[in-house]
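My request is simple: use the sequences and hints to build the entire structure.
The chain contents come next:
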Amino acid sequence: MNYFPDEVLEHVFDFITSHKDRNSVSLVCKSWYKIERYSRRRVFIGNCYSISPERLIARFPGLKSLTLKGKPHFADFNLVPHDWGGFVYPWIKALAKSRIGLEELRLKRMVVSDESLELLSKSFVNFKSLVLVSCEGFTTDGLAAIAANCRFLRELDLQENEVDDHRGHWLSCFPESCTSLISLNFACLRGEVNLGALERLVSRSPNLKSLRLNRAVPLDTLQKLLMRAPQLVDLGIGSYVHDPFSEVYNKLKIAFQRCKSIRSLSGFLEVAPHCMSAIYPICGNLTFLNLSYAPGLHGNKLMKLIQHCRKLQRLWILDCIGDKGLGVVALTCKELQELRVFPSDPFGAGNAAVTEEGLVLVSAGCPKLNSLLYFCQQMTNAALITVAKNCPNFIRFRLCILDPIKPDPVTNQPLDEGFGAIVQSCKGLKRLSLSGLLTDQVFLYIGMYAEQLEMLSIAFAADSDKGMLYVLNGCKKLRKLEIRDCPFGDAALLEDVGKYETMRSLWMSSCEVTLGGCKSVAEKMPSLNVEIIDECEQMEFNLDDKQKVDKMYLYRTLVGHRKDAPEYVSIL
Amino acid sequence: MEVGVKMGMKGGGDEVGGKEKEKMGYEETELRLGLPGDSEVVRKRDFSHTVDLKLNLISTSPTDDEDKNIVPSHLDPAKPPPAKAQVVGWPPVRSFRKNMLATQKSSGSEDSGEKAAFVKVSMDGAPYLRKVDLRMYKTYQQLSDALAKMFSSFTIGNCGSQGLLKDFMNESKLMDLLNGSDYVPTYEDKDGDWMLVGDVPWEMFIESCKRLRIMKGTEAIGLG
Numbered sequence: 001m002n003y004f005p006d007e008v009l010e011h012v013f014d015f016i017t018s019h020k021d022r023n024s025v026s027l028v029c030k031s032w033y034k035i036e037r038y039s040r041r042r043v044f045i046g047n048c049y050s051i052s053p054e055r056l057i058a059r060f061p062g063l064k065s066l067t068l069k070g071k072p073h074f075a076d077f078n079l080v081p082h083d084w085g086g087f088v089y090p091w092i093k094a095l096a097k098s099r100i101g102l103e104e105l106r107l108k109r110m111v112v113s114d115e116s117l118e119l120l121s122k123s124f125v126n127f128k129s130l131v132l133v134s135c136e137g138f139t140t141d142g143l144a145a146i147a148a149n150c151r152f153l154r155e156l157d158l159q160e161n162e163v164d165d166h167r168g169h170w171l172s173c174f175p176e177s178c179t180s181l182i183s184l185n186f187a188c189l190r191g192e193v194n195l196g197a198l199e200r201l202v203s204r205s206p207n208l209k210s211l212r213l214n215r216a217v218p219l220d221t222l223q224k225l226l227m228r229a230p231q232l233v234d235l236g237i238g239s240y241v242h243d244p245f246s247e248v249y250n251k252l253k254i255a256f257q258r259c260k261s262i263r264s265l266s267g268f269l270e271v272a273p274h275c276m277s278a279i280y281p282i283c284g285n286l287t288f289l290n291l292s293y294a295p296g297l298h299g300n301k302l303m304k305l306i307q308h309c310r311k312l313q314r315l316w317i318l319d320c321i322g323d324k325g326l327g328v329v330a331l332t333c334k335e336l337q338e339l340r341v342f343p344s345d346p347f348g349a350g351n352a353a354v355t356e357e358g359l360v361l362v363s364a365g366c367p368k369l370n371s372l373l374y375f376c377q378q379m380t381n382a383a384l385i386t387v388a389k390n391c392p393n394f395i396r397f398r399l400c401i402l403d404p405i406k407p408d409p410v411t412n413q414p415l416d417e418g419f420g421a422i423v424q425s426c427k428g429l430k431r432l433s434l435s436g437l438l439t440d441q442v443f444l445y446i447g448m449y450a451e452q453l454e455m456l457s458i459a460f461a462a463d464s465d466k467g468m469l470y471v472l473n474g475c476k477k478l479r480k481l482e483i484r485d486c487p488f489g490d491a492a493l494l495e496d497v498g499k500y501e502t503m504r505s506l507w508m509s510s511c512e513v514t515l516g517g518c519k520s521v522a523e524k525m526p527s528l529n530v531e532i533i534d535e536c537e538q539m540e541f542n543l544d545d546k547q548k549v550d551k552m553y554l555y556r557t558l559v560g561h562r563k564d565a566p567e568y569v570s571i572l
Numbered sequence: 001m002e003v004g005v006k007m008g009m010k011g012g013g014d015e016v017g018g019k020e021k022e023k024m025g026y027e028e029t030e031l032r033l034g035l036p037g038d039s040e041v042v043r044k045r046d047f048s049h050t051v052d053l054k055l056n057l058i059s060t061s062p063t064d065d066e067d068k069n070i071v072p073s074h075l076d077p078a079k080p081p082p083a084k085a086q087v088v089g090w091p092p093v094r095s096f097r098k099n100m101l102a103t104q105k106s107s108g109s110e111d112s113g114e115k116a117a118f119v120k121v122s123m124d125g126a127p128y129l130r131k132v133d134l135r136m137y138k139t140y141q142q143l144s145d146a147l148a149k150m151f152s153s154f155t156i157g158n159c160g161s162q163g164l165l166k167d168f169m170n171e172s173k174l175m176d177l178l179n180g181s182d183y184v185p186t187y188e189d190k191d192g193d194w195m196l197v198g199d200v201p202w203e204m205f206i207e208s209c210k211r212l213r214i215m216k217g218t219e220a221i222g223l224g
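Chains as they are written, first to last, in full-length UniProt numbering: chain A, 1 to 572; chain B, 1 to 224.
Just so you know, the hints here were simulated from the structure itself, not pulled from any lab data.
Any given hint could turn out to be false.
According to the in silico footprint, chain B covers these stretches of chain A (three or more CB under 8 Å from chain B) [to be verified]:
#1 77–84
#2 155–165
#3 239–248
#4 269–277
#5 392–404
In silico lysine-lysine, DSS-like type, Cα no more than 27 Å apart, as pairs [what the hints assert, rightly or not]:
#6 A:K253 <-> B:K149
#7 B:K149 <-> A:K224
#8 A:K499 <-> A:K524
#9 A:K224 <-> B:K138
#10 A:K251 <-> B:K149
#11 A:K466 <-> A:K499
#12 A:K34 <-> A:K64
#13 B:K190 <-> B:K216
#14 A:K253 <-> B:K190
#15 A:K476 <-> A:K499
#16 A:K499 <-> A:K548
#17 A:K122 <-> A:K64
#18 A:K466 <-> A:K519
#19 A:K427 <-> A:K466
#20 A:K477 <-> A:K389
#21 A:K251 <-> B:K138
#22 A:K311 <-> A:K324
#23 A:K251 <-> A:K209
#24 B:K138 <-> B:K120
#25 A:K368 <-> A:K427
#26 B:K120 <-> A:K304
#27 A:K304 <-> B:K149
#28 A:K253 <-> A:K304
#29 A:K20 <-> A:K466
Only a predicted model underlies this, so the values are computations on that prediction, with no experimental measurement involved.
From the three backbone atoms N, C-alpha and C, an ideal C-beta is built for every residue, glycine too.
Given below as structure tokens:
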């Protein structure tokens, strides 16, 4: 197979950037495997327990960028107990010991300690980019270490992390010599920041393109920052409260007029709606608008803002926009591809302000729509069928009816037909989340039509094992399956255990699977870790195989049982 | 956990200098009224609490399938059906987002609910009222300056040719009027009494002020 010298092949491989494609390339033959592994710069590990840092380092000595994901998705919703796992420290320690010149680390749902951050900051001379999404376990002291020690830092991006804010002067820890920042996002921090240090930092960062502030940054500081950084492409506003008749507000208007490059706007963590007119000059260029943390912005002021945003491709909004507001979106945002409507009352008293009507309006007005996350009061089959017809291009379709077993309120029927229409029409569908009253029938449709489906989330659905079996048998590309509160038992679980090796993971909680069933899977498939999460420690006292398992998480792995599991997790 | 009907105010008080027609916004979005103490309820439901709270879902949908997925409720059947009981991990919203929204609600960053500081301002002789958000200001002087600017926009050109308006033609004259003895700023407090502005500390004033009225001095006898 070697008609070309290695360097030529390596050059060709440089053009292959997708992880999937590079993985395929490495399987062709031994010599391609070898060339590929030495030239690989970026590695994505979807489950940190599927492989060990040592094996990663051994295979890819040229590694520059690592992406790691830790806890299962349902951890976002408090279904995974604290300290279950997902610690990044062993990875950083191993990488630090090796010769790997790490430049970029991206983590999701992992536990990150200050110690890890400090070690990271001191171990890699060329470290450039740290992205933490939904992580926890660190404080602003860890951030101070990153700021102080990473001399060539370009990106510090903190998204929705639980950070213990010591109100220290971490921002002041960026040395005067640090002028390389391209992206700084600290919107999730709750504490005060040193505003003077922030202004100086922005002043000496000519390449700064993305800046997302936290709530503690007031409007007058925002104005000063914008004056110093008119080249910004992505802006996250912290506090946006001021007297519209004041001098500062006038200055802010001028500042916004100078910012001709802003394409992405978010934040408004604290907002005075009557100050929104200053934003209008940049609205016409926006492609991404995230108002999902701005409950203070609603009604006419919100609609007026949206009417200025004709080029929007992605919109994240709260449900207080209402069906009427979504109608405005449908009329205005013809380029819309992604819509996320979050509940403004997440404690779910069941009073979401949007219904199926808003979704239908958007589907009719925005034919390019391909990604949806929609929390709503209710949904009908008719609406879903219409949406399926209007938008056959959905890649991601996540519907969350606040009452998870609510039927079609018009016909009182389950929503099987509606979701069936979605999977049948949207041939490229990769991710689906279901809700509402659903029987086994919807799973028959999913198994039949959802050929590209990679991730499926199910809650409070189905009548019997058949539902799960339809999915496991039909969806050939399934990688992640997460199920809660469904009547699926051992028969479904054990039907085809080989399937789980083709998937990243399976989560089942509050279902009907028993300890015996789980043990059976573990026995037959040594390449899987089958974890039983038992917070109430029932298993200690009652090891009866017939005992129902509260939470089971199984995943394929090359490195066997993990050693860092807490006491309440048994790996079978 | 909410019992009975829970409603939240939307679109309330988000207009400064708003003409009353903007109340149309209330019809366009759902009208919800926030019950006092709502924010407290929200605050209680913090991270650890939701983990411990394993209440079961109450379904209000009259279908056959409901029994299969629902464990019978532990709640007192004698209570009127609550809006929805709380289920762990439902709705599937990231804890970060839940906590953030709870914080925003409790610190009153929304312009609605009982912490709303929007009050109507009337000035004797003006053809229409204005609204200010008292939380925009930190001192009486700032408020006074803002009111002066606000009412200085009452020019003949904007409002027609009523003779009443000649008093409002320029800002400095207005400031004199406000600062002098001709006009007296007063406010209506929680008890419904009309009080003179300036007697109590600013914070206390914001809490108790329901509306402002800039009275002609001749009418203000008995307040000073």
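Against the structure, the hints come out as follows:
1. Judged by the Cβ-Cβ criterion of 8 Å, the stretch 77–84 of chain A is covered by chain B as claimed, because 4 of its residues qualify and three suffice.
2. Here the stretch 155–165 of chain A counts 3 residues with a CB under 8 Å from a CB of chain B, which clears the bar of 3, and the coverage holds.
3. Beta-carbon proximity to chain B at under 8 Å applies to 5 residues in the stretch 239–248 of chain A; the threshold of 3 is reached and the given coverage holds.
4. With a cut-off of 8 Å between beta carbons, the stretch 269–277 of chain A has 6 residues touching chain B; three or more are needed, and the interface restraint holds.
5. Residues of the stretch 392–404 of chain A lying with their CB closer than 8 Å to a CB of chain B number 4, which satisfies the three-residue condition for coverage.
6. Restraint check: the Cα-Cα separation between A:K253 and B:K149 comes to about 19 Å, which is no more than 27 Å; the hinted pair holds.
7. Between the alpha carbons of B:K149 and A:K224 the distance comes to roughly 25 Å, so the proposed pair stays at or under 27 Å and holds.
8. Between A:K499 and A:K524 the alpha-carbon distance is near 12 Å, which keeps this suggested pair within the 27 Å criterion.
9. Proximity of A:K224 to B:K138 is assessed by CA-CA distance (about 22 Å); at most 27 Å being required, the pair is judged to hold.
10. Restraint check: the Cα-Cα separation between A:K251 and B:K149 comes to about 18 Å, which is no more than 27 Å; the hinted pair holds.
11. Restraint check for A:K466 and A:K499: satisfied, since their Cα atoms lie roughly 16 Å apart, inside the 27 Å limit.
12. Under the criterion of a C-alpha separation no larger than 27 Å, the hint pairing A:K34 with A:K64 is consistent with the structure, at around 17 Å.
13. About 23 Å separates the Cα atoms of B:K190 and B:K216, which keeps this hinted pair within 27 Å; it holds.
14. Pair hint A:K253 plus B:K190 does not hold up; C-alpha atoms about 37 Å apart against a cutoff of 27 Å.
15. Taking the CA atoms of A:K476 and A:K499, the gap is about 9 Å. The hint holds against a cut of 27 Å.
16. Taken as a hint, the A:K499 and A:K548 pair is honoured in the structure, with Cα atoms around 22 Å apart against an allowance of 27 Å.
17. Taking the CA atoms of A:K122 and A:K64, the gap is about 16 Å. The hint holds against a cut of 27 Å.
18. Our distance criterion of 27 Å between C-alpha atoms is met by A:K466 and A:K519, whose separation comes to about 21 Å.
19. Between A:K427 and A:K466 the alpha-carbon distance is near 23 Å, which keeps this suggested pair within the 27 Å criterion.
20. A C-alpha spacing of about 24 Å is found between A:K477 and A:K389, which places the hinted pair at or below 27 Å, so the restraint holds.
21. Of the supplied pair hints, the one linking A:K251 and B:K138 holds, its CA atoms being roughly 20 Å apart against a limit of 27 Å.
22. Straight-line distance between C-alpha atoms of A:K311 and A:K324 comes to about 20 Å, which keeps the hinted pair within the 27 Å bound.
23. A hinted pair counts as satisfied when its Cα atoms are at most 27 Å apart, and A:K251 with A:K209 qualifies at roughly 21 Å.
24. Under the criterion of a C-alpha separation no larger than 27 Å, the hint pairing B:K138 with B:K120 is consistent with the structure, at around 18 Å.
25. Between A:K368 and A:K427 the CA atoms are separated by roughly 15 Å; this keeps the pair inside 27 Å, and the hint holds.
26. Distance hint between B:K120 and A:K304 is fulfilled; the C-alpha atoms sit about 23 Å from each other, no more than 27 Å.
27. Distance check on the hinted pair: A:K304 and B:K149 sit about 25 Å apart at the alpha-carbon level, within 27 Å; holds.
28. For a cut-off of 27 Å, the pair hint linking A:K253 to A:K304 stands: about 17 Å separates their Cα positions.
29. Note on A:K20 and A:K466: the hinted pairing is violated, with a Cα-Cα distance of about 32 Å set against a maximum of 27 Å.
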